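Residue numbers (the working numbering), protein chains in the order written: chain B, 114 to 372; chain V, 114 to 372; chain A, 114 to 372.
Accuracy of the hints is not assured; some may be wrong.
For identical chains, the list gives no copy identity; a pair is met inside one copy or between any two copies.
To be verified - No more than 20 Å apart at the CA atoms, straight line, and that leaves these computed lysine to any residue pairs for SDA-like:
1. K119 x E131
2. K149 x G239
3. K332 x H263
4. K119 x K149
Just so you know, these hints were derived from the structure itself, not from any lab.
Owing to the predicted nature of the structure, the values given are computational and were not obtained by experimental measurement.
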Amino acid sequence: MSSFTKISPGARIGRNVEIGDFTVVHDDVVIGDGCKIDSHCVIGYPNPVAQGRPLVIGADSTIRSHSVFYQGSTFGDGLTTGHGVLVRENTTAGRGLRIGSNSDIEGDATFGDWVRLHSEVHVGKGARIGHFVWLYPRVQFTNDPFPPSHLCLEVAIDDMAVIATGVILMPGVRVGLGAFVGAGSIVRSDVPDIHCVTGDPARTFTTLDRFVSFEHGLKAPWPRHFRDAYPAVSWPLMDEIAGRVDDAISKHRSRAASK
Amino acid sequence: MSSFTKISPGARIGRNVEIGDFTVVHDDVVIGDGCKIDSHCVIGYPNPVAQGRPLVIGADSTIRSHSVFYQGSTFGDGLTTGHGVLVRENTTAGRGLRIGSNSDIEGDATFGDWVRLHSEVHVGKGARIGHFVWLYPRVQFTNDPFPPSHLCLEVAIDDMAVIATGVILMPGVRVGLGAFVGAGSIVRSDVPDIHCVTGDPARTFTTLDRFVSFEHGLKAPWPRHFRDAYPAVSWPLMDEIAGRVDDAISKHRSRAASK
Amino acid sequence: MSSFTKISPGARIGRNVEIGDFTVVHDDVVIGDGCKIDSHCVIGYPNPVAQGRPLVIGADSTIRSHSVFYQGSTFGDGLTTGHGVLVRENTTAGRGLRIGSNSDIEGDATFGDWVRLHSEVHVGKGARIGHFVWLYPRVQFTNDPFPPSHLCLEVAIDDMAVIATGVILMPGVRVGLGAFVGAGSIVRSDVPDIHCVTGDPARTFTTLDRFVSFEHGLKAPWPRHFRDAYPAVSWPLMDEIAGRVDDAISKHRSRAASK
Chain B
114 MSSFTKISPG ARIGRNVEIG DFTVVHDDVV IGDGCKIDSH CVIGYPNPVA QGRPLVIGAD
174 STIRSHSVFY QGSTFGDGLT TGHGVLVREN TTAGRGLRIG SNSDIEGDAT FGDWVRLHSE
234 VHVGKGARIG HFVWLYPRVQ FTNDPFPPSH LCLEVAIDDM AVIATGVILM PGVRVGLGAF
294 VGAGSIVRSD VPDIHCVTGD PARTFTTLDR FVSFEHGLKA PWPRHFRDAY PAVSWPLMDE
354 IAGRVDDAIS KHRSRAASK
Chain V
114 MSSFTKISPG ARIGRNVEIG DFTVVHDDVV IGDGCKIDSH CVIGYPNPVA QGRPLVIGAD
174 STIRSHSVFY QGSTFGDGLT TGHGVLVREN TTAGRGLRIG SNSDIEGDAT FGDWVRLHSE
234 VHVGKGARIG HFVWLYPRVQ FTNDPFPPSH LCLEVAIDDM AVIATGVILM PGVRVGLGAF
294 VGAGSIVRSD VPDIHCVTGD PARTFTTLDR FVSFEHGLKA PWPRHFRDAY PAVSWPLMDE
354 IAGRVDDAIS KHRSRAASK
Chain A
114 MSSFTKISPG ARIGRNVEIG DFTVVHDDVV IGDGCKIDSH CVIGYPNPVA QGRPLVIGAD
174 STIRSHSVFY QGSTFGDGLT TGHGVLVREN TTAGRGLRIG SNSDIEGDAT FGDWVRLHSE
234 VHVGKGARIG HFVWLYPRVQ FTNDPFPPSH LCLEVAIDDM AVIATGVILM PGVRVGLGAF
294 VGAGSIVRSD VPDIHCVTGD PARTFTTLDR FVSFEHGLKA PWPRHFRDAY PAVSWPLMDE
354 IAGRVDDAIS KHRSRAASK
């Protein structure tokens, strides 16, 4: 390991871990086997809000350069980040979370399994995010309905939902199972399951079964054409959720037909 | 102090100052007593535009990791920043400025006392910002009305105004005393005192006395329900400005009643 | 050179190159004469996608602190960046590229000569950008029309086009020669040469000959009033392209007159 690295003797570091130059690893850090942490990172940034709980990084994770992780958050195996990522305290994430470069997770958030954030996503405090959610660049969470106040209405994103580039999610909104939010939208009210919305305020323009481009060989929900971008270990959960999306589509069609 | 820190002998550093690993402190820097500067920062980045004027950081300030401060700016006591902040030359700020992570202050800006910027705020060159202003994540200042040109119309934000997430402020606009700009708006003309605007172009949807949520126990202006988030030393100025907001509300009601 | 710098013996570094503290320079890097690389950078970040091709930085370039450049990209002479810039693999750029602080270039992009990006521009994979293009803060490229999918429709920006602050460019759009896109727009279809568009969806509000402010002494295209912001070596190409913009304006007027 490089002589330019500063690792606290209190850090618990697994086997076959690489830590890059000019990186600081603090106390109260648990790093799983096989992790790779790049240069110029701060791992386990101390803060009193974490109340002594450690930062836990699951096995086989990759944290790219210039990233900062606070004390008091826990990540499942296979975390992968871009560069310059900031994650504050008390966040919990499942397996295979990917966080794009320069994303900023403000703390107290929960992520399911196999969630993917692109670059510069800003996740507000207390957000609840399901499994297989996609957040494209510059998605922006909010939580204070009358800023500044002490009110906090957390945003919730259900499984397999997709939020495209530059969307603002207003305080307290819920985005449903398998829903799609188009680029640049402002989501001011809940998005029902399998609905596709766009604009300001975001309004329904179609439902998921009609959204994807059949001429390009795509089929909803997206695991039908994008399964290979995930490891096989994720497929059983993926298939279970895709099945629930199918059910929601069927129910929606039945309701539409009976009108 | 860490052996991994690079501090110029020309820097003037107060008592009880902590400086983190892998941080560079240049010449022409004055750091007040009791400051804490994290790892991986660049303090006093040299540039000819500063014309030799130093960077001055007031007492009891905290600068978090990966931040860059240029030569030639001056900050009052109690500056607090997030991570990855960039502040260029010739900016002047009062007491208690807070700058969120990854914010970018382009230079020649002025900030009053007790201003708060959330994450990723982009303050354009020459912006003039009053006391107790709130800038939420990704607020974006502009200044060139016919880009690219040499014209520069600076944006001005008056005391106690609140600009919510993702707002774009077009060149030369003035946001009035106690005004509120809703998330995702594009402000293309001046916002009068105590008016609440939203949309593109931002238009008035109410005035401040009708905006806040009485059912939640809130009362305008925001110091009426958010005073405890500031230190007592700030309260006399806060109360003075809140009184001016009250006066503006009264005047607005009188004018409305006389129509 | 500082004893706090980590430079691989495999890096090929020209004459009169300065490299700042706490910077890592990897193998497979070619740095031209007279370059200045700041502190806390990562130059030549290894990645298998680059397939061993080096990172090439042209002569007399300046890379500011906390920037990350991947293996496998090539930049002409006079590259200048802000702080915290990220450039991934397989990007090719001409002379005099300027990249603003915290911008993120995702890879496989091509830039002509004398292009300028302001802060926090996000260039998506595979973007094709002409000569003398201006991208203002937070311009956001996209490329997947049905996210997530394996489809990739690259955005193309023609010579001398100007994209103002906060614009989202939807997958596959082409912005024409000398075109102007107003702040906060969402570009959902192609923008014809010398057209000025704004809004969501971006629509034409005028053409370039009617856009600029004659009262302020400005004249389209912008090199007519902004030539001095570029070095003389760039002027022949600038004048050639400005001439093509003039031709496009003439053709547009002829067509309009003949209707």
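Structure-based check of each hint:
1. K119 x E131: Cα proximity of K119 and E131: in one copy and across copies (13 Å, 17 Å).
2. K149 x G239: Intra 28 Å, inter 28 Å, cutoff 20 Å: neither.
3. K332 x H263: between (44 Å within a copy, 12 Å between copies)
4. K119 x K149: both (15 Å within a copy, 19 Å between copies)
Checked against the numbered hints above, the structure breaks only hint 2 and satisfies the rest.
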